[in-house]
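Protein chains: 2
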Amino acid sequence: MRNATAKTLTVELGERSYPIVIGGGLLDRAADYLRQAGVPDKSPLMIVSDDNVAPLYLERLESALSGGGYRVVSAVVPAGEQSKSLTVYNDLVTRAIEAGLDRSSAILALGGGVVGDLAGFVAGTYMRGIRFVQVPTTILAHDSSVGGKVAVNHPLAKNMIGVFHQPELVLYDVDTLNTLPPREVRAGLAEMVKHGLIWDREFAEWCWNNAPRLLDLEPEALIYGLERGCAIKAQIVSRDERENDLRAILNLGHTLGHAIEAVAGYGRYLHGEAIAVGMAAAALLGEERGGETGLYAETMLMLRALELPVTLPEDMDTEALMAAMQRDKKFREGRMVYIVPSEIGRVEIASDVDADAVRDVIERLKEKEESS
Amino acid sequence: MRNATAKTLTVELGERSYPIVIGGGLLDRAADYLRQAGVPDKSPLMIVSDDNVAPLYLERLESALSGGGYRVVSAVVPAGEQSKSLTVYNDLVTRAIEAGLDRSSAILALGGGVVGDLAGFVAGTYMRGIRFVQVPTTILAHDSSVGGKVAVNHPLAKNMIGVFHQPELVLYDVDTLNTLPPREVRAGLAEMVKHGLIWDREFAEWCWNNAPRLLDLEPEALIYGLERGCAIKAQIVSRDERENDLRAILNLGHTLGHAIEAVAGYGRYLHGEAIAVGMAAAALLGEERGGETGLYAETMLMLRALELPVTLPEDMDTEALMAAMQRDKKFREGRMVYIVPSEIGRVEIASDVDADAVRDVIERLKEKEESS
Numbered sequence: 001m002r003n004a005t006a007k008t009l010t011v012e013l014g015e016r017s018y019p020i021v022i023g024g025g026l027l028d029r030a031a032d033y034l035r036q037a038g039v040p041d042k043s044p045l046m047i048v049s050d051d052n053v054a055p056l057y058l059e060r061l062e063s064a065l066s067g068g069g070y071r072v073v074s075a076v077v078p079a080g081e082q083s084k085s086l087t088v089y090n091d092l093v094t095r096a097i098e099a100g101l102d103r104s105s106a107i108l109a110l111g112g113g114v115v116g117d118l119a120g121f122v123a124g125t126y127m128r129g130i131r132f133v134q135v136p137t138t139i140l141a142h143d144s145s146v147g148g149k150v151a152v153n154h155p156l157a158k159n160m161i162g163v164f165h166q167p168e169l170v171l172y173d174v175d176t177l178n179t180l181p182p183r184e185v186r187a188g189l190a191e192m193v194k195h196g197l198i199w200d201r202e203f204a205e206w207c208w209n210n211a212p213r214l215l216d217l218e219p220e221a222l223i224y225g226l227e228r229g230c231a232i233k234a235q236i237v238s239r240d241e242r243e244n245d246l247r248a249i250l251n252l253g254h255t256l257g258h259a260i261e262a263v264a265g266y267g268r269y270l271h272g273e274a275i276a277v278g279m280a281a282a283a284l285l286g287e288e289r290g291g292e293t294g295l296y297a298e299t300m301l302m303l304r305a306l307e308l309p310v311t312l313p314e315d316m317d318t319e320a321l322m323a324a325m326q327r328d329k330k331f332r333e334g335r336m337v338y339i340v341p342s343e344i345g346r347v348e349i350a351s352d353v354d355a356d357a358v359r360d361v362i363e364r365l366k367e368k369e370e371s372s
Numbered sequence: 001m002r003n004a005t006a007k008t009l010t011v012e013l014g015e016r017s018y019p020i021v022i023g024g025g026l027l028d029r030a031a032d033y034l035r036q037a038g039v040p041d042k043s044p045l046m047i048v049s050d051d052n053v054a055p056l057y058l059e060r061l062e063s064a065l066s067g068g069g070y071r072v073v074s075a076v077v078p079a080g081e082q083s084k085s086l087t088v089y090n091d092l093v094t095r096a097i098e099a100g101l102d103r104s105s106a107i108l109a110l111g112g113g114v115v116g117d118l119a120g121f122v123a124g125t126y127m128r129g130i131r132f133v134q135v136p137t138t139i140l141a142h143d144s145s146v147g148g149k150v151a152v153n154h155p156l157a158k159n160m161i162g163v164f165h166q167p168e169l170v171l172y173d174v175d176t177l178n179t180l181p182p183r184e185v186r187a188g189l190a191e192m193v194k195h196g197l198i199w200d201r202e203f204a205e206w207c208w209n210n211a212p213r214l215l216d217l218e219p220e221a222l223i224y225g226l227e228r229g230c231a232i233k234a235q236i237v238s239r240d241e242r243e244n245d246l247r248a249i250l251n252l253g254h255t256l257g258h259a260i261e262a263v264a265g266y267g268r269y270l271h272g273e274a275i276a277v278g279m280a281a282a283a284l285l286g287e288e289r290g291g292e293t294g295l296y297a298e299t300m301l302m303l304r305a306l307e308l309p310v311t312l313p314e315d316m317d318t319e320a321l322m323a324a325m326q327r328d329k330k331f332r333e334g335r336m337v338y339i340v341p342s343e344i345g346r347v348e349i350a351s352d353v354d355a356d357a358v359r360d361v362i363e364r365l366k367e368k369e370e371s372s
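Chains as they are written, first to last, in UniProt numbering: chain B, 1 to 372; chain L, 1 to 372.
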């Protein structure tokens, strides 16, 4: 899995287009990739990472960049969703100012979705926006590193404070995935199969058939799955950069998923786990609204093959979930907007979903819990 | 000065183009203008104002909007630069969430530059960006309300945290200027004459000749001056929305001006006062670098005609000013970028300015103080 096998795909966004490089051994060649992407070496770079990832890969990335002629400072934040706060954001801005980052500087996110979102929001707002490079170290981040959505959380709602800020480059070194805890592998695969569920039945079925290889982090399967997942997302984002319409389909499972994360308390559920439950709920809703027969059953099988949760604990407060969904960004002009599958590989953006139908689906996911 | 006299000019930015309406009696017709600008009435609006402006105009704007079918909530922040903080920003986001603002909502800034920058940063980052309407109540805001630059301050540097976020509409009711304290009138006129100094000798001379009428807030002079100032800025911003090159000329006087504000402590100098001193310094630097003869003397006369400061107090620490400039965003890849006039109405973006030359100019502005 050396450089020879690296694949590059491009997210087409006019003058904001950028490459995603996926392969092994990329960290050590980071300086070359940054230079190719047009990041100048006269201004300092800042790497943002977390205290899980930093001990494993930070020094390697720092040396690769220093060796390649870049000046680098690093900032390490506590691992976990709690770091996506304005307080941590402010600390990073302070660090960037003290390190002398200027308009030609770049901020690199070395880590998963949390680090990407946080560092991306710093890059998107520092001096009104400077260069941003994603170096994802999780499977989940194949999703969050494409599309330019960056944000921090507000105590009342997730990702409430953010901007659209496209990276210059995504450098996906799959070697870093070997150190992922199994639970995070599974959670990451939830976003991968999501891309099949919304856009490409064949890919959804491929994920299902190759679930054991993916769970074992078999390189060939992993590179294919990440590449296909990124490519689907890139295709959707290219058509609708700022989420005016089409892009909303990427939120399959997220309306309920975000509510589950908020009600359970950030960190109790991994993001991928919460949206797996959300995707199960959406499939059930979809089948009831006249989607293809077997939609719900098949979705459940796919998610279970990836060892993902598809039910809710009995004691999770339905009304608290409903209230959290009402605060979610997916509400617009007072109506509930819900991404509902009509078949595997196809979803619709439903703006007429009745709150009671959602309440009913939540209750039924709890019954499933009892019977499982 | 009723609606009949309102003038509309358009900032041309492709799909982000927006109108600036300048005239009397506009507050009362706000709902019509918002509707024309495409702001839907199904989602709540939030007006952000400060405790100087709110007692004068907030109720009128609220009634005008409610009467026109909009739901409105308001948030009043303390007047002054201190409100451009992440803390106040966070309070406004909380208020917006609690009031149920969604992606179709708009945030209105009723006030001067501080309220515009702060409310604009909320609008630019709430749910990754929602609609924004500027309702300026100061002369200074004719500058800040055009161009989409919004930001809050970091304790280490001004406007360090921000985004580019274009408004949907600027509604400039000149009736509101009648309640401005004279000191703020003068400070606002500094940005007006700046537009002449960088782009249009004729307009600079018009400001000079009409200084007494402008200081007296004579409506005809005011509407012409604001319109011409906005038009010059709009022209520059249209050619360079994200400040890659040309737009930097708008920063005439700002490199030193921001340093003066920071070193004196935010709030001691009004922004317009600080940049007046900065423009005097830039003219002196420009003349020394080979600009037209009389450049400095004429600039001084123009600024003095508007009763603006053009010297520095003896006890202002030169090295503190130099250090503050080094932290300023105008530094790029280690070099000092300075906007330097070559004649009245024309400036160059100099990237080779020597720190000692700037230090020398600062010292000479202090000597002027002694001799005045």
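Hints listed in this document are in silico derivations from the structure and should not be mistaken for laboratory results.
Be a bit skeptical, because a hint or two may be false.
[To be verified] Residues of chain L clear of chain B, computed beta-carbon distances all greater than 12 Å:
| no. | residue |
| --- | --- |
| 1 | Thr125 |
| 2 | Glu243 |
| 3 | Gly265 |
| 4 | Arg327 |
[To be verified] Derived coverage of chain B by chain L (criterion: at least 3 residues anywhere in the stretch with Cβ under 8 Å from a Cβ of chain L; other residues may be distant):
| no. | segment |
| --- | --- |
| 5 | 161-169 |
| 6 | 271-280 |
The beta carbon of each residue, even a glycine, is placed where N, CA and C say it ideally should be.
Subject >> Exclusion check [L/Glu243 not at the chain B interface, CB over 12 Å] >> reply: violated, 8 Å
Subject >> chain L over the segment 161-169 of chain B, status - at least 3 residues with CB closer than 8 Å >> reply: holds (count 4)
Original post:
Can we trust that L/Gly265 is non-interface, i.e. its beta-carbon lies farther than 12 Å from all of chain B?
Top reply: holds, 18 Å
**OP:** Go check the segment 271-280 of chain B versus chain L for me, would you? Three or more residues, Cβ under 8 Å, otherwise it fails.
**Re:** violated (count 0)
Original post:
Taking the minimum C-beta separation from L/Thr125 to chain B, is that value above 12 Å?
Top reply: violated, 5 Å
Subject >> Status of L/Arg327, Cβ more than 12 Å from any chain B Cβ >> reply: violated, 7 Å
Against the hints set out earlier in the document, violations occur for numbers 1, 2, 4, 6.
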